[in-house]
Amino acid sequence: MHDRKVVRRRRAVLGLLVACALILLTAYFGEGAGGGLHAIQRGALAVFSPVENVASGAVKPFRDLFGWVGDTFHAKGQNKTLRKEVDGLRLQVAQLSGDLRTSKQLDKITALDGRAGLAQYKPISARVVIANPNVWYSTVNINRGTGDGVHVNDPVIDGDGLVGIVTKTVSDAAQVLLITDAQSGVSARLADPAGIPGFVQTATPGDPNDLLMQRIPRGATPRVGEMVVTAGVQSAKFPSNFPSDIPIGTVTKVDPNELDTSQQIHIRPYANMHNLDVVQVLTQPSSRSAGP
Amino acid sequence: MSQFNVQLGVRLVVLALVMVLLQLMFFAQVQVFGTIADLSPLVVMAVGLLCGPVTGAAMGFAIGLIIDTALLQTMGLTSLVLIGVGYWTGRLREVRDPQSTFAPLALGAGAAAIATVGYGIGQFLLGAVHPLSWLLLKQTLATIVLDALLAIPVTALVRRWLTPVLPEDPRRRRRRAYTTGGLSPLQKA
Numbered sequence: 000m001h002d003r004k005v006v007r008r009r010r011a012v013l014g015l016l017v018a019c020a021l022i023l024l025t026a027y028f029g030e031g032a033g034g035g036l037h038a039i040q041r042g043a044l045a046v047f048s049p050v051e052n053v054a055s056g057a058v059k060p061f062r063d064l065f066g067w068v069g070d071t072f073h074a075k076g077q078n079k080t081l082r083k084e085v086d087g088l089r090l091q092v093a094q095l096s097g098d099l100r101t102s103k104q105l106d107k108i109t110a111l112d113g114r115a116g117l118a119q120y121k122p123i124s125a126r127v128v129i130a131n132p133n134v135w136y137s138t139v140n141i142n143r144g145t146g147d148g149v150h151v152n153d154p155v156i157d158g159d160g161l162v163g164i165v166t167k168t169v170s171d172a173a174q175v176l177l178i179t180d181a182q183s184g185v186s187a188r189l190a191d192p193a194g195i196p197g198f199v200q201t202a203t204p205g206d207p208n209d210l211l212m213q214r215i216p217r218g219a220t221p222r223v224g225e226m227v228v229t230a231g232v233q234s235a236k237f238p239s240n241f242p243s244d245i246p247i248g249t250v251t252k253v254d255p256n257e258l259d260t261s262q263q264i265h266i267r268p269y270a271n272m273h274n275l276d277v278v279q280v281l282t283q284p285s286s287r288s289a290g291p
Numbered sequence: 000m001s002q003f004n005v006q007l008g009v010r011l012v013v014l015a016l017v018m019v020l021l022q023l024m025f026f027a028q029v030q031v032f033g034t035i036a037d038l039s040p041l042v043v044m045a046v047g048l049l050c051g052p053v054t055g056a057a058m059g060f061a062i063g064l065i066i067d068t069a070l071l072q073t074m075g076l077t078s079l080v081l082i083g084v085g086y087w088t089g090r091l092r093e094v095r096d097p098q099s100t101f102a103p104l105a106l107g108a109g110a111a112a113i114a115t116v117g118y119g120i121g122q123f124l125l126g127a128v129h130p131l132s133w134l135l136l137k138q139t140l141a142t143i144v145l146d147a148l149l150a151i152p153v154t155a156l157v158r159r160w161l162t163p164v165l166p167e168d169p170r171r172r173r174r175r176a177y178t179t180g181g182l183s184p185l186q187k188a
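First to last, the sequence lines map onto chains H and V. Residue numbers for the first sequence follow numbering that gives the first Met the number 0, beginning at 0 and rising by one. Residue numbers for the second sequence follow numbering that gives the first Met the number 0, beginning at 0 and rising by one.
Read the hints as simulated data drawn from the structure, not as lab findings. From the three backbone atoms N, C-alpha and C, an ideal C-beta is built for every residue, glycine too. There could be a bad hint or two in this list.
As the list claims (entries may be wrong) - DEER-style ranges, computed between Cβ atoms:
no.: 1; chain 1: H; residue 1: Leu81; chain 2: V; residue 2: Glu93; range: 27 to 33 Å
no.: 2; chain 1: V; residue 1: Leu125; chain 2: H; residue 2: Val68; range: 35 to 41 Å
no.: 3; chain 1: V; residue 1: Leu16; chain 2: H; residue 2: Arg89; range: 28 to 34 Å
no.: 4; chain 1: V; residue 1: Arg95; chain 2: H; residue 2: Asp2; range: 16 to 22 Å
no.: 5; chain 1: H; residue 1: Gly194; chain 2: V; residue 2: Gly126; range: 32 to 38 Å
no.: 6; chain 1: H; residue 1: Asp159; chain 2: V; residue 2: Val164; range: 45 to 51 Å
no.: 7; chain 1: V; residue 1: Leu125; chain 2: H; residue 2: Arg8; range: 56 to 62 Å
no.: 8; chain 1: H; residue 1: Leu81; chain 2: V; residue 2: Gly8; range: 33 to 39 Å
no.: 9; chain 1: H; residue 1: Val53; chain 2: V; residue 2: Arg159; range: 47 to 53 Å
no.: 10; chain 1: V; residue 1: Val17; chain 2: H; residue 2: Gly29; range: 58 to 64 Å
no.: 11; chain 1: V; residue 1: Val5; chain 2: H; residue 2: Asn78; range: 15 to 21 Å
no.: 12; chain 1: H; residue 1: Val277; chain 2: V; residue 2: Ser132; range: 30 to 36 Å
no.: 13; chain 1: H; residue 1: His37; chain 2: V; residue 2: Pro166; range: 38 to 44 Å
no.: 14; chain 1: V; residue 1: Thr100; chain 2: H; residue 2: Lys121; range: 28 to 34 Å
Said to hold, decoys possible - With a cut-off of at most 27 Å between alpha-carbon atoms, the simulated BS3-like pairs for lysine-lysine come out as follows:
no.: 15; chain 1: H; residue 1: Lys79; chain 2: V; residue 2: Lys137
no.: 16; chain 1: H; residue 1: Lys75; chain 2: V; residue 2: Lys137
no.: 17; chain 1: H; residue 1: Lys252; chain 2: V; residue 2: Lys137
no.: 18; chain 1: H; residue 1: Lys4; chain 2: H; residue 2: Lys121
no.: 19; chain 1: H; residue 1: Lys121; chain 2: H; residue 2: Lys252
no.: 20; chain 1: H; residue 1: Lys167; chain 2: H; residue 2: Lys4
no.: 21; chain 1: H; residue 1: Lys59; chain 2: H; residue 2: Lys83
no.: 22; chain 1: H; residue 1: Lys167; chain 2: H; residue 2: Lys121
no.: 23; chain 1: H; residue 1: Lys79; chain 2: H; residue 2: Lys252
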């Protein structure tokens, strides 16, 4: 069997490793964002991001193949639901085209306000190179950083809608906190003429398809299927830099009881947070502020 | 405990780096059964099983550190959890020496359970704003099941990668002798 020396040595190594981990944990948790361990992480990110970039590109075909197989099964299931939605939307379009004619006057006025194109926010394209594998953090790393003009708090979008906000940057990489993270929050409004305001946060952390739009004013009547967009205003808790009118998601559930008691409705984000590939960082949003 | 040698050390470093790269670039972005496979506890478990508790714990510490650094997470937490996984499987090898073909399945489930639950507890202790939900439980269970299924090929690959440089283990030598037609000391008597 094992002699005492071996057992003592084994326990000593274990104790040393545990002590190192605890010291790291305590030091990291206790220091600020500018502390030494944070700096090491940023340094490592800066050094390894080119490697990550190349490796991510190399495994992308395999990822896509795997994603394609999954998507095929998923698409089959979605087909039925989407057909129903299309029927409903056809009716809506017919109704809206009537409304459109009568609201031409209003259109002229809103055109004056100028729903500015995203070009003015100096968007730059970036590729997602790392996605976080656990339910506790909803973050991705992208291959653009301060060298490309990316700053902390810059909004990030993809072809479908809002994705998140930049939380950490180094010269050629950045970390993006997704809107599905528990720490994330966005001032929003419904994209209907009433523009019912609210505040979008995750409903169930880890579930990329369920967000809550909270603080809906009492008496408001949101409807399933309505689009939710960024409001472009900041709140004290989440000083967002999001320009207005970026699509966030669509209303999926309006429970009268929930609306009455908790003033909230459920929405599904347009962006597929589990399959982000190319995103855009709006490097010059309307205003800048401190971290989220 | 196995004797440390340079070749083994090099192979462990390569294994850790390849595992982390694969995990972050591929597995973290591919959903299976609505969840994401986590290779880190499986690789640490396999190393613990092959090399013993000290190497397993050290591998757990190193992989945890790389993951926390790469993902800009709270440093030390993943290491702490994976040290537990590596040490546990290493001790299991010393005490029980599980040899069944399906042992990695059970050990993979155990390693994944320790990693996910331990990480969750750590997050709560650090004050994570994350309500306990049905989804969290479902994802934890799905990850454990998926990891258990992946444990067999992962263990086989790690075994294939490390066996050529592992120090000769008397128990392994004895087993090999019996299974290839040799007689046990009892039979010889």
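> H:Lys4 and H:Lys121: Cα distance at most 27 Å?
Replying inline: Measuring from Cα to Cα gives roughly 65 Å; hence the hint is violated.
request  = For the range 35 to 41 Å, tell me whether the beta carbons of V:Leu125 and H:Val68 fit it or not.
outcome  = About 37 Å separates the Cβ atoms of V:Leu125 and H:Val68, which means 35 to 41 Å holds.
Please work out if H:Lys167 and H:Lys4 have their alpha carbons no farther apart than 27 Å.
With Cα atoms ~47 Å apart, H:Lys167 and H:Lys4 exceed 27 Å; violated.
**Request:** Please work out if H:Lys167 and H:Lys121 have their alpha carbons no farther apart than 27 Å.
**Result:** Holds, at roughly 19 Å.
task = Take a look at whether the Cβ-Cβ distance between V:Arg95 and H:Asp2 falls inside 16 to 22 Å.
result = Since the Cβ atoms of V:Arg95 and H:Asp2 sit about 20 Å apart, the hinted range of 16 to 22 Å holds.
Please check whether V:Thr100 and H:Lys121 have a Cβ separation lying inside 28 to 34 Å. violated (58 Å)
> Is the distance from the Cβ of V:Val17 to the Cβ of H:Gly29 consistent with 58 to 64 Å?
Replying inline: violated (33 Å)
ask   = Cβ-Cβ distance between V:Leu125 and H:Arg8: within 56 to 62 Å?
value = violated (32 Å)
### Hint consistency between H:Lys79 and V:Lys137 [alpha-carbon to alpha-carbon, up to 27 Å]
holds (26 Å)
Margin query: I want to verify a distance hint. Is the separation of the beta carbons of H:Val53 and V:Arg159 within 47 to 53 Å?
Written below: Once the Cβ atoms are compared, 26 Å apart, the range 47 to 53 Å for V:Arg159 and H:Val53 is violated.
Run the distance test for H:Lys121 versus H:Lys252: straight-line Cα separation, threshold 27 Å. Violated, because 35 Å separates the two Cα atoms, which is more than 27 Å.
Pair hint H:Lys79 and H:Lys252, alpha-carbon separation not exceeding 27 Å: holds (19 Å)
Checked against the numbered hints given earlier, the structure breaks hints 1, 3, 7, 8, 9, 10, 11, 14, 18, 19, 20 and 21 and satisfies all the rest.
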